[in-house]
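S.K.: So the protein lines, in turn, are chains A and B. The C-terminal position of the first sequence is numbered 290 in our numbering, with every residue numbered one higher than the one before it. The C-terminal position of the second sequence is numbered 1196 in our numbering, with every residue numbered one higher than the one before it.
Each hint should be verified, as a subset may be incorrect.
[To be verified] Rough simulated footprint, nothing fancy, chain A against chain B, three-plus residues with beta-carbon under 8 Å:
{"no.": "1", "region": "1043-1054"}
{"no.": "2", "region": "1131-1140"}
{"no.": "3", "region": "1164-1177"}
Think of the hints as simulated: they come from the structure by calculation, not from any bench. Beta carbons: idealized from backbone N, C-alpha and C, even for Gly.
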Amino acid sequence: MKYAYYPGCSLKGTGRAYEESLLAVFRALGVELEELEDWNCCGATTYISYGELQSYALAARNLSLAKQMGRDLMAPCAACYLVLNKTQHYVREYPWIGQIVDHALDAIHLPKDIGVKVRHPLDILLNDVGLEALKAKVVHPLTGLKVATYYGCQMVRPYASFDNQRNPTSMDRVLEACGATIVYYPVKTHCCGGSQKGTLPEIGLNLIRRLLTEAQRNGAEAIATVCPLCQFNLEAFQDEASTTSKFHIPVLYFTQLLALALGVRLNEAGFQRSFINIKPLLAEKEIAYA
Amino acid sequence: MKLKRVVKVEAERDPAFALWISQTVGGERIRHCLQCGLCSGSCPLSLYMDYTPRRLMHLSREGFKEEVLSSYTIWLCTSCYACMVECPKKINITQLMYALKTRAMQEHFYPKRFAIPVLAREFSRMIRGSGRITESRLVMRVFVKTAIWRLLGFSKLGLRLFRTGRMRLAREKVEKRSDIVTLLNAVDTTRKELAR
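Chain B extracted, bound-state conformation:
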């Protein structure tokens, strides 16, 4: 029998991460969290999570970066905002989930071919390129990059959508596509200037 310590200790904390989360948009009040559990109770996905939202809030503010960024919790969040509405301390939990997803993607904290971050990446690429989303093309891109065999399972559904005119392959796009690129780039330049 192999024994493993399950209690986390002070030495495993990353204080910089704890500071970062409390300075992130939506996380300003994370230190006020009462650990009441209304977030976990109202979350429709919490029963599938490795850490419930309540536990994730606590781990984050204490700086347990590894556990938080490699958790499935952040990817299971569907942005339904139930937790945020119920939180008595008005912590913007949904917004923090976005910020944690961003960090996890930047620092490669997710399993390879995991569909949710791939969807986020492909979605963003499509917007940068076209300014709009063509649903059929997006779905195909995600399947090709994650689990191409699953496309077969969708052939019947795809056919029904095609027959009812709900699946269009023509690319949706804005006229001024260069404006979209300029807009997105301007955000990055301004942010860097402000940081200085």
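Isolated chain A (complex conformation):
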């Protein structure tokens, strides 16, 4: 198994732990990832309000580069995953958009065909690797660890390509295969506010507080995420969001928990980048780690 890998900007910055743990997990599972050569920013949800058509061309450049490699494209960041998928939808739905994107790719001598499969790591784990193969590789089961699985918005909305839109369970299944207990988390697809903690701090903080409160109320000992911005918001503003009850809950990428179970060493899976030390929790739950 081999895939083209599109990290996106956040996985090289605040989301480094996502990249580190992701690469370690797939290495442990014997899946090869080759980073897309000279990829550019997907445009996220920001460029589009500045220049809609240009934003499609930016995403299309990455798709075209992946097409040249002839492999499915893995996009772990929720925003990148959405933007790449969306561009393919719009290019198909609106031929005039397709025409403009084709011309733009032509200008930089890239193939116009951008019909590669964009895949989420959870999709690959469930449908290509398989839960049985994953289970067979677990060396440090996460027995008894209560995890709230937080999916956020863009992995399932608006395109639910491999999971349910209103009640996604792919991350639950993958983490359960590692022995974790998934707690009831009714806000699992609610919005964390994205960049609003920076632009409209009070509103952003309210959204973050609600997500942390629900996790705490349902007895979660850790929150698992699939998006660098969700992870950042939920981890970095816990003190600020605390009211009468104080928040102190590790917020991890789901790949970090996987890495833990697969026996990857903590500092090879980005745990040293967390604001909250995971070791006391692991000791309390008697979970072994490398």
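Chain A is already provided as a structure; the job is to place chain B on it using the hints.
M.R.: Chain B alone, transformed into the frame defined by chain A:
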């Protein structure tokens, strides 16, 4: 006591704006809107909005341009797509919010130093220049142009990010930066040609 008319009247409509929204990508079905309110009900930000998404859809398709483009609603949208998933008429509300943001920026319909449009502008400039986003540099640029004093409040967080190696100041960039500029320019030229 100063009395003010709150009901909008026909004469305040801008029919050209109404036509534009119905021809915008995502807005083709806006005239089918039932005003059912599922968009507002599913929107996590609607309780902070001056017009809820349902009301904004109606104002837009009737052509109340001033109200729509100067509303906070369009800037509060975080692209979570909850409304689009719930809409029984499959109106692409999120996409329309982008289009409305673009119009509001082009026609200067937002308060000076308002951080969200500034973020959009700086983000786009950084992509044109480097092809990639360096998060730390982007955040600093936005604060410098909107509310520089707020940077102080972030010093503790910045330090933690720096210590954990999550804040890198080195500029992320693509090798073929000229390709990015060529690509973006080609979009504009083709669009103009198609318009003719």
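S.K.: Just pull the numbers of the violated hints for me, sorted ascending.
M.R.: none
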